[in-house]
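So the sequence lines, in the order shown, correspond to chains A and B.
Counting from 1, one number per residue, gives the positions in the first sequence under UniProt numbering.
Counting from 1, one number per residue, gives the positions in the second sequence under UniProt numbering.
Don't take each hint at face value.
The list makes no distinction among identical chains, and a pair is therefore deemed to hold if it is satisfied within one copy or across any two copies.
Stated by the list, open to error - Here are the simulated lysine to aspartate or glutamate pairs, EDC-like style, with alpha carbons at most 20 Å apart:
(1) Lys243 <-> Glu254
(2) Lys60 <-> Glu254
(3) Lys141 <-> Asp210
(4) Lys243 <-> Glu133
(5) Lys261 <-> Asp120
(6) Lys134 <-> Glu222
(7) Lys141 <-> Asp39
(8) Lys2 <-> Asp71
(9) Lys261 <-> Glu180
(10) Lys47 <-> Glu270
(11) Lys167 <-> Asp71
(12) Lys141 <-> Asp6
(13) Lys243 <-> Glu208
(14) Lys167 <-> Glu270
(15) Lys47 <-> Glu212
Since the hints were derived computationally from the structure, they do not count as laboratory data.
Number of protein chains: 2
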Amino acid sequence: MKLIEDCTVGIVGLGLMGGAIALALRPLGPRRILALEADGETLEAAKAQGVINQGLLMGKDDPTIILGQCDLVFLCLNPSTLLRFLETWMAAFRPGALITDIAGIKGNIVKAVERTLRPDLDFIPGHPMAGSEKGGFANAKHCNFQGKNYILTPLAQNKPENLEFLKALIHRMGFGRITETTPEEHDRKIAFTSQLCHVIAAALIDCEADTEITRFGGGSFEDLTRIAMLNAPMWAELFLENKTELLQRIEQFEGSLDSLKALITGGQGEGLEQRLAAVRDRRSAMNG
Amino acid sequence: MKLIEDCTVGIVGLGLMGGAIALALRPLGPRRILALEADGETLEAAKAQGVINQGLLMGKDDPTIILGQCDLVFLCLNPSTLLRFLETWMAAFRPGALITDIAGIKGNIVKAVERTLRPDLDFIPGHPMAGSEKGGFANAKHCNFQGKNYILTPLAQNKPENLEFLKALIHRMGFGRITETTPEEHDRKIAFTSQLCHVIAAALIDCEADTEITRFGGGSFEDLTRIAMLNAPMWAELFLENKTELLQRIEQFEGSLDSLKALITGGQGEGLEQRLAAVRDRRSAMNG
Numbered sequence: 001m002k003l004i005e006d007c008t009v010g011i012v013g014l015g016l017m018g019g020a021i022a023l024a025l026r027p028l029g030p031r032r033i034l035a036l037e038a039d040g041e042t043l044e045a046a047k048a049q050g051v052i053n054q055g056l057l058m059g060k061d062d063p064t065i066i067l068g069q070c071d072l073v074f075l076c077l078n079p080s081t082l083l084r085f086l087e088t089w090m091a092a093f094r095p096g097a098l099i100t101d102i103a104g105i106k107g108n109i110v111k112a113v114e115r116t117l118r119p120d121l122d123f124i125p126g127h128p129m130a131g132s133e134k135g136g137f138a139n140a141k142h143c144n145f146q147g148k149n150y151i152l153t154p155l156a157q158n159k160p161e162n163l164e165f166l167k168a169l170i171h172r173m174g175f176g177r178i179t180e181t182t183p184e185e186h187d188r189k190i191a192f193t194s195q196l197c198h199v200i201a202a203a204l205i206d207c208e209a210d211t212e213i214t215r216f217g218g219g220s221f222e223d224l225t226r227i228a229m230l231n232a233p234m235w236a237e238l239f240l241e242n243k244t245e246l247l248q249r250i251e252q253f254e255g256s257l258d259s260l261k262a263l264i265t266g267g268q269g270e271g272l273e274q275r276l277a278a279v280r281d282r283r284s285a286m287n288g
Numbered sequence: 001m002k003l004i005e006d007c008t009v010g011i012v013g014l015g016l017m018g019g020a021i022a023l024a025l026r027p028l029g030p031r032r033i034l035a036l037e038a039d040g041e042t043l044e045a046a047k048a049q050g051v052i053n054q055g056l057l058m059g060k061d062d063p064t065i066i067l068g069q070c071d072l073v074f075l076c077l078n079p080s081t082l083l084r085f086l087e088t089w090m091a092a093f094r095p096g097a098l099i100t101d102i103a104g105i106k107g108n109i110v111k112a113v114e115r116t117l118r119p120d121l122d123f124i125p126g127h128p129m130a131g132s133e134k135g136g137f138a139n140a141k142h143c144n145f146q147g148k149n150y151i152l153t154p155l156a157q158n159k160p161e162n163l164e165f166l167k168a169l170i171h172r173m174g175f176g177r178i179t180e181t182t183p184e185e186h187d188r189k190i191a192f193t194s195q196l197c198h199v200i201a202a203a204l205i206d207c208e209a210d211t212e213i214t215r216f217g218g219g220s221f222e223d224l225t226r227i228a229m230l231n232a233p234m235w236a237e238l239f240l241e242n243k244t245e246l247l248q249r250i251e252q253f254e255g256s257l258d259s260l261k262a263l264i265t266g267g268q269g270e271g272l273e274q275r276l277a278a279v280r281d282r283r284s285a286m287n288g
């Protein structure tokens, strides 16, 4: 099996997640960590802190110098930038390289990859279920991977030894449960657990202009809306890329909200209490 | 000014909040802490742990023995039980006693109190903005007051020295910000920060039957739905007691959700991004 110690790792995009992945990989002793990043100050900071060995400016320097050296590449870009990057630099990857990504949607990414990937490259689509409402490389150290979920949507042609290597590496980075599923299933579930939750948090903030409202907060409002401090371009992309699933989830949620509203409107105390008790039991049966 | 060391404190209802208040008061050295509680095992546990000095079984023992001794009484009951208790035992309170409550709605409570309160008693309505998804006295120690908000809706006739005493005590129990407002303002704001959030969490759980969905969780879903493990009878009551304000808040929220949905349906990336950026900025301007 491949050893991380023998790998030169490339991180494309040193934002919150790219930075956090570099930080988690560093103590595992990869041969080198190289980075491509559009922001010069981030690159300098990452080098100064010893997080990466070398970096090049994306959109300015020629990335082939870096891509040609990497045995393992983490693409940590927004979906649209990721697809553009793959298309532009497909020829530059090191022969036989293992590539993975972190995008929050998988269906469209997998379709594009299956259409364009060089046959010698092995692309294993992934989605680390971690993050922070504070973005950027500067906050990467606050992005906690310990015990978090990681979703993989492997392709039929993925090499088993590469999949095993990546899974072991993900666990060594701190993640807990790894779930392997199809891109379709991923997008359907994530539309609920992630995108719908962000839409709800955004709607909650959208409908109340009083920033002093937190004087009346007891934790619920704060917990429900922390994720409203979102990376707007990225989430706008994720919502639209997974539009069909997300709209269906919004409508399901609206259905449940309507039926709770009807119980309240009708003053049906007993029915309301029963419904809330069923909700409590179901939530208690869930982890996390 | 009154000193807590000279006070015999009564806690009516040793649930999560009553228990947490008793635990927070104990180290401040009140003369005695007495309790009325419907559950015998809870009373025994509270005595055995030294949280209370003495307790009587509500609904069985005669509470006048305790109420007649208390200089300060915390009523820690659901709204309907609280109003019934006040009505039944109004004559039993110690002359001149200071009474406060913790109910999550204030308008209906204040109206009833103003109608029925003995003129020598001083009732200061309150709402500690703390809690836990795990209820009952056994979880009271996990109910953290540190830095939390506390709302008071004082009555015109409250004695200034009693109000000052209670506020100082609230701070000494660990609470941070105390906000004084009207019952109407309280109910309007709380309908948003607390009740609407609980309705949303309940609707989210209501619309997804798969308890394994947390394999796809990255923290957002968990944070948004933790409060769905709710005390069903209490929240059913709170929703219905504050029905008008809550329904208005649900409709405001639905309006914002609809307009986000329209941007997603229409594939309006730019408009969506702008709206999300405005949401991020507003949430960032809020505390907590």
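Evaluated hints:
no.	hint	in the structure
1	Lys243 <-> Glu254	both (16 Å within a copy, 19 Å between copies)
2	Lys60 <-> Glu254	neither (46 Å within a copy, 45 Å between copies)
3	Lys141 <-> Asp210	neither (32 Å within a copy, 33 Å between copies)
4	Lys243 <-> Glu133	neither (22 Å within a copy, 33 Å between copies)
5	Lys261 <-> Asp120	neither (56 Å within a copy, 42 Å between copies)
6	Lys134 <-> Glu222	both (15 Å within a copy, 18 Å between copies)
7	Lys141 <-> Asp39	within (18 Å within a copy, 48 Å between copies)
8	Lys2 <-> Asp71	within (10 Å within a copy, 73 Å between copies)
9	Lys261 <-> Glu180	neither (37 Å within a copy, 30 Å between copies)
10	Lys47 <-> Glu270	neither (62 Å within a copy, 34 Å between copies)
11	Lys167 <-> Asp71	within (16 Å within a copy, 63 Å between copies)
12	Lys141 <-> Asp6	neither (25 Å within a copy, 50 Å between copies)
13	Lys243 <-> Glu208	between (26 Å within a copy, 19 Å between copies)
14	Lys167 <-> Glu270	neither (49 Å within a copy, 37 Å between copies)
15	Lys47 <-> Glu212	neither (41 Å within a copy, 41 Å between copies)
Going down the numbered hints, you'll see the structure goes against 2, 3, 4, 5, 9, 10, 12, 14, 15, while the others check out.
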